[in-house]
Amino acid sequence: MDRMICYCHNYTAADIEQDLLYNDHSTIMEKIIHESKAGNCACETNNPKGR
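The working numbering puts the first residue of the sequence shown at 1, with every later residue one more than the last.
The hints are simulated quantities; they were obtained by calculation from the structure and are not laboratory data.
Be a bit skeptical, because a hint or two may be false.
Stated by the list, open to error - Pairwise CB distance ranges (calculated):
1. K49 to A14: 18 to 26 Å
2. Y22 to G50: 28 to 36 Å
3. T45 to D24: 18 to 26 Å
4. K31 to R3: 25 to 33 Å
5. A13 to S36: 17 to 25 Å
6. A14 to E35: 30 to 38 Å
7. N23 to T45: 16 to 24 Å
8. A42 to L21: 27 to 35 Å
What you are looking at is a predicted structure, and each value in this text was computed from that prediction instead of being measured.
Ideal Cβ placement from N, Cα and C applies to all residues, glycine included.
Could you put together the complete structure from these sequences and hints?
Now the structure itself:
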């Protein structure tokens with residue numbers, strides 16, 4: 001099973017690796033950071049580790 005990186009937006013490590021290969025940088029990480037700053041994350045409830 002692939003390791004979940006973002007529980008709020010359902011991104012896995014494989015998603016980010018593919019994104020890097022396709023775009024030469026991680027647009028997914030940019031999206032996650034943008035959504036987090038906008039308050040559109042619920043990591044404390046979605047992530048089993050509470051982060």
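Problem set entry | N23 versus T45 beta-carbon gap, inside 16 to 24 Å or not | violated, 30 Å
Exercise. Taking the beta carbons of A13 and S36, is their distance inside 17 to 25 Å?
Worked result: holds, 18 Å
Exercise. Do the beta carbons of A42 and L21 sit within 27 to 35 Å of each other?
Worked result: Hint holds: Cβ distance 29 Å, inside 27 to 35 Å.
Exercise. Is 28 to 36 Å a correct range for the gap between the Cβ atoms of Y22 and G50?
Worked result: At roughly 32 Å between Cβ atoms, G50 and Y22 fall inside 28 to 36 Å, so the hint holds.
Problem set entry | 18 to 26 Å as the expected CB spacing between A14 and K49, which holds or is violated | holds, 20 Å
Exercise. That 25 to 33 Å hint for K31 and R3 (C-beta), does it hold up?
Worked result: violated, 18 Å
Problem set entry | Pairwise beta carbon distance, T45 to D24, judged against the given window 18 to 26 Å | violated, 34 Å
Problem set entry | Range hint 30 to 38 Å (beta carbons of A14 and E35) holds or violated | violated, 20 Å
The structure does not agree with the numbered hints 3, 4, 6, 7 stated previously, though it agrees with the rest.
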